[in-house]
Amino acid sequence: MITKRIIPCLDVKDGRVVKGVNFKGLADVSSPVALAEYYTKAGADELVFYDITASNEGRKIFTDILTETASKVFIPLTVGGGIGTIEDFDRVLKCGADKVSVNSGAIRNPGIIGEAAKLYGDQCVVLSVDIAKIDGVYRVFAKGGRENTGMEAIDWIRRGVADGAGEIVVNSIDTDGVKQGFDIPMLKAVCEAVNVPVIASGGAGCVQDFIDLFEAIPDIDAGLAASIFHFGEVAINDLKKAMADAGIPARL
Amino acid sequence: MIAIIDYGVGNLFSLQSSLRYLGEDVEVTSDPDKIRKADRIILPGVGAYEDAAAKLRSSGMAEIVMEQAKTGKPLMGICLGMQLLLEKSYEYGEHEGLGLIKGTVVPIEGAAPKGYKIPHIGWNALQLKRDESGRADKLFKYINDGDYVYFVHSYYATDCAASVIADTEYGAMLTAAVANGNVYGCQFHPEKSGDVGMRILKAFCEIQTDCEGQTGEEAGK
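Here the protein sequences come in this chain order: R and S. Taking my numbering, I'd label the letters of the first sequence as residues 1 to 252. Taking my numbering, I'd label the letters of the second sequence as residues 1001 to 1221.
Calculated from the structure, these hints are not laboratory results. A virtual CB, placed ideally from N, CA and C, is assigned to each residue, including glycine. It is possible that some hints are incorrect.
Claimed, not checked - Not everything, but these chain S residues come out facing chain R in the computed CB check (under 8 Å):
no., residue
1, Asn-1011
2, Ser-1017
3, Val-1046
4, Ile-1118
5, Ala-1125
6, Gln-1127
7, Asn-1144
8, Gly-1146
9, Tyr-1150
10, Glu-1169
11, Met-1173
12, Lys-1192
13, Gly-1194
14, Met-1198
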């Protein structure tokens, strides 16, 4: 039976992980490579590296770190952040990424989804969408959730899948950072609309939030979070064990 | 030395890294001499069957793989690389594979019940096949039944019962790994399957050339 995936997301800026605290046995919490190794040992099913660097110099540092990570960590690695062109896909895939996540880049140029899927396969293209509910309608936001594009989110996701996105990361702006649980109604709406894997993001504050997610939406494939893992509020090995205990298929 | 065959398909970074991590001497190459000198060969691959099969032939690598399989040298296809070892694929039409393993490649859609997502992406458990004496294949000597590996695919190998060494359950039983003599195929990505994957690669690196040299000759009989 296929398992539900737990995916920590590492925001990387100028070669360092932005959020983080000390874990036992992990001396440098802001080293992406060390943190990736730590999470892998703890049972992470996949890792997301999110490049929040703005400069070209930062980009180079990011790809160096990606290369080093992919030489030591042998689980799937998704890269996102600043992906806008086929050259961006190429750059990170060559450095060891398995999947590439596009967000604002696809809003600016929707053609990139199909183009990348044709070149690298659907499995390689992840469409990441920031969504908020405005006047009862789910809307797509751009620029890290700051700008309402006015596009209807479910339509946008359907279109992305039709173009070749092999996986969807759904980040709820409404629940992000609130730590009161995932946005179940919104995630349900997305899962009902498409037949590719859907990854839930935004809102997890504790182990129970993940259990609630997988119990409420049997079709959801994965839960993604950042700070609760980095701050040690949720230990990945405890989470995976709790999932298994609750009867949710988990890789232990 | 392990030769990873380079025929312009797929991302070979992780595969190369994982074997290096195990301390193996590994080279990504399309040089026939290097492949002939290698102790073992890996045929990688992602993407579309038709395109990959065409590239494998036009690069001359199909011929080398066929020739080398007959020497009894350990050979492993991974993901699409495994599917290419079979006789044919029905991925968007009908395309010929190398036929080193008897069987065909068909869509998961139609095999798995409705509601199962396509592609089959994620960690799924291996159900190891055992011989009369209860032993799993030597490729799995360092892992256990039920261990998880990482899959990404929309098509799977069927009609290959004699060669199946592991299955995985996804609404239906899907072929996870095959072997015919020293020709191996893994539908999953060992290089992306964490510790379990590394133990499978380690076992592959310990398989010795079959001096009988019968590998590959059994296919299609």
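Hint by hint, here is what the structure shows:
1. Asn-1011: This hint holds: Asn-1011/S lies near chain R, its Cβ roughly 5 Å from the closest one there, short of 8 Å.
2. Ser-1017: Check passed: Cβ of Ser-1017/S comes within 4 Å of chain R, closer than 8 Å.
3. Val-1046: Because about 6 Å separates Val-1046/S from the closest Cβ in chain R, which is inside the 8 Å limit, the hint holds.
4. Ile-1118: Constraint on Ile-1118/S satisfied, holds at 7 Å.
5. Ala-1125: With a closest approach of 7 Å, the Ala-1125/S hint holds.
6. Gln-1127: Hint violated; Gln-1127/S Cβ to chain R Cβ min 11 Å, cut 8 Å.
7. Asn-1144: violated (12 Å)
8. Gly-1146: violated (10 Å)
9. Tyr-1150: This interface hint holds because 6 Å falls under the 8 Å limit.
10. Glu-1169: holds (6 Å)
11. Met-1173: violated (12 Å)
12. Lys-1192: holds (5 Å)
13. Gly-1194: Because about 5 Å separates Gly-1194/S from the closest Cβ in chain R, which is inside the 8 Å limit, the hint holds.
14. Met-1198: holds (6 Å)
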